[in-house]
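Got chain A; can you put chain B on it based on the hints?
The listed protein sequences derive, respectively, from chains A and B.
The numbering of the first sequence is UniProt numbering, which starts it at 1 and goes up by one.
The numbering of the second sequence is UniProt numbering, which starts it at 1 and goes up by one.
By construction, these hints were calculated from the structure, which means they are not laboratory data.
Each hint should be verified, as a subset may be incorrect.
What the hints assert, rightly or not - Just the calculated beta-carbon pair ranges, DEER-fashion: (1) ILE110(B) x GLY227(A): 52 to 60 angstroms; (2) LEU284(A) x THR246(B): 14 to 22 angstroms; (3) THR130(A) x GLY159(B): 37 to 45 angstroms.
Claimed, not checked - Computed cross-link-like contacts, EDC-like style, restricted to lysine to aspartate or glutamate with a CA-CA straight-line distance of at most 16 angstroms: (4) LYS27(B) x ASP128(A); (5) LYS27(B) x GLU129(A); (6) LYS162(B) x GLU247(B); (7) LYS27(B) x GLU292(B).
Yeah, the Cβ is synthetic: ideal placement off N, Cα and C, and Gly gets one too.
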Amino acid sequence: MTIFIIRRFSQSLFVVFLTSLLVFVGVYAIGNPVDILIPADASFAEREAAIRALGLDRSLVAQYGTFLVNALHGDFGRSFVFNQPAISLIFQRLPATLELAFVALTIALMLGIPLGLIAGLKPRSVTDETIMTGSILGFSLPNFWQGMMLIMIFSVWLGWLPSSGRGETGEIFGIATSLASWDGLAHLILPATNLALFQLSLVIRLTRTGVRETMPLDFIKFARAKGLSERRIISVHVMKNILIPIVTVVGMEFGSLIAFAVVTETIFAWPGIGKLLIDSITVLDRPVVVAYLLVVVTMFIFINLAVDIVYSMLDPRIRLSETQ
Amino acid sequence: MTALTHRFQESQSFWARSLRGILGSPKATIALAICLILIATAIFGPSLVPQNPYDLAAIDFFDARLPPMSNSMSGTTYWLGTDGQGRDMFSAMVYGLRTSMGVGLFSGVIALAVGTALGLTAAYYGGRIDTLIMRLVDLMLGFPTILVALMLLALLGQGVWKVVLALVIVQWAQFARAVRAAALIERGKEYVEAAASLGLSKPRILFGHMLPNCLPPIIVIGTLQVANAISAEATLSFLGIGLPITEPSLGLLIANGYQTLLSGQYWISVYPGLLLLALVFSINIVGDRLREVLNPRLSER
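Looking at chain B on its own, in the form it has when it is part of the complex:
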């Protein structure tokens, strides 16, 4: 019971500290607001937009490549124009936002879970297990993200789950390294000794007691990694080796506009790109601020 209340207070003050830190900087506050608006748009947007861009009955091929603010054959206005198939860009972007965010968040959360578990294990057991895990981490971090992802997808082929898998493989090591470093400091503290002398099981000490105290670096890296994952997915999809055309993310929408860019039809690639930039930029600003507030010692990169 006491451990529970202690943990509760600890986590509460941690979240409060994070929120205070963000609200203390106008720049980060605006960025957080943008993030929240975009998340809400990704969740509720697709049911509110004027058109389902992937319902063949709803799109009209005669409306293809209309500039922003032009009227459709049936009288509605395309605020951001239409693409090569006559889809409303605005609606397509809201759907794309959902896909991009979904893939980014999902792969980020899995990488976080895998990396945290391995990092805690390495720190707690030490010895051979530690060496083995950390060698693997060094190996992974030695390669640039995009090279590993390219390599995996070149071998595996396209697909949502393959992209998620590739993103998890390139991201887990970041979490493992940070969690291990934080857990090594925690391991030497008295509460861990106390928990061990009470006869608690190792998993319980690891996940129930040490993990909550390792949260700050996990949250900071998690935020930045989600931004990275979204951007990596967009890049891979743009190159044509990421998501298939049936699951269009923002990267794929931008790729669609690549062909028409030279003929001056800028809106097909500019607007989805701006949305992608707003998303990644605001997540990065929030993450950067969190790092300053929660963990000033964390290496700047």
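Bound conformation, chain A alone:
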């Protein structure tokens, strides 16, 4: 187990390193860092001073070394727009994004598992066909357009829910969250639903496949023969078996929720890191872009690592096949 964790951990570190190299090459070698890192309205003397201060007159390898050392210290430079360290901007906005992703994931699981169960228990029925076509629709709906339609229907036409912003946040256990007030909740419903729909379709499909694979197995027949009620067979015996793949995939999907939050946050003006990224790209605030990419990729890689480790604990075959 220890060897497995160590190997996976070093692989993850390697990927983080690769990403930093890619981002560095993208910003420093392809683009002109002088244009990117120095505000356009700087005078000639200021430019010269900045080039020397940033070390842009040195070799690329030396520059990458400095970039890496600074990045490891959490220093990605200062945002041109907000005039504060890029990394602290990211950490200020991160809780809003995590909250959105977490609520979306909860919605996807709470609705997706029951719907998948219903579809999987009666394959080829009208209900199954409807749910499965619905899930293809969920995969096909362009996320940004779907968000705009939600705004159009629930904010513009019906006027039930606010269309943008995060609303009032309260504190639960010392964490600022929208879940603490009605205003916050009202602001959260539309963006969270929008973010959840894709994952919901995924959970439905996973659950249905799991149910269809588990139902014909011997232990289910045995449970029936033992005279257990159908309800108990499904809620205990079937669920236990299908939860492992669902938990794994959903764990890995948490990362894509954070990536997809970029779209949802842009539409609903949700003050998270996704909106920060798009705003920063539009105004060419490169230090923030670099900080976002590295923080999110690192976070993503370590979520995957955690999922891998948990999965290998649940299912030892994974780790055994790796060591062969």
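The following block gives chain B in isolation, referenced to the frame of chain A:
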């Protein structure tokens, strides 16, 4: 000669099987019909629509933001209304459809070619080459499509070719993995051994003999990936980091309507969105059906 006729029969029965499978389901038949109509529209539509929406002489700024079915200054009817610049929405959508489909299909085909070549190579040679390619595939599949595309375009900037490049980079791995799996099964079969003992060259065995037999998963994934690519391109263009304004795809048209949505001018974003949805949804339905017919073992996702 015999290899050729064999291959011909094989591919014929494969296409026939696919078509029969689609026609066997009313839902998939309708979806296929919609796909074909949309493809025809994308090819022939731009020369048939009432207005070239990107010819400045043809558009009239006084016609801006007219609701559907209203008449223009010169008397023609705007079936789906006009946008903020006074462009006929219907014409703009037909042009946008061509751009969206073009980018989706083109990047899908390149990704298919690159992924298939790498997948076949990995399966046939095995060993170090296989490990190297598959590690790369795992690495790519470990990241969500949209995150990688965002990252590449944030670094590269806007442009048609940059979007195509980003889409190819995020898609090839899917093909490589599926083709490798299919080719590994084929490699053990007798016809490959026979071809090798005839002294045929490796590329000839790979592309002439093994590839035709790996077609089913390639076609299924290809169909679904084109839908994904169209949708990803639309998302990126909506975010303002995809196609430039000079090449307006459906995503960009929808983005144009975002500002006016809150003031009730719904048609600027609703209609292009419905068209995009119809396109992606019908391709996905066809792809889903093909997967059921051709390869029931393929993992459901």
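Evaluated hints:
no.: 1; hint: ILE110(B) x GLY227(A): 52 to 60 angstroms; verdict: 59 angstroms, holds
no.: 2; hint: LEU284(A) x THR246(B): 14 to 22 angstroms; verdict: 20 angstroms, holds
no.: 3; hint: THR130(A) x GLY159(B): 37 to 45 angstroms; verdict: 42 angstroms, holds
no.: 4; hint: LYS27(B) x ASP128(A); verdict: 14 angstroms, holds
no.: 5; hint: LYS27(B) x GLU129(A); verdict: 10 angstroms, holds
no.: 6; hint: LYS162(B) x GLU247(B); verdict: 13 angstroms, holds
no.: 7; hint: LYS27(B) x GLU292(B); verdict: 13 angstroms, holds
In this structure, none of the earlier numbered hints is contradicted; all agree with it.
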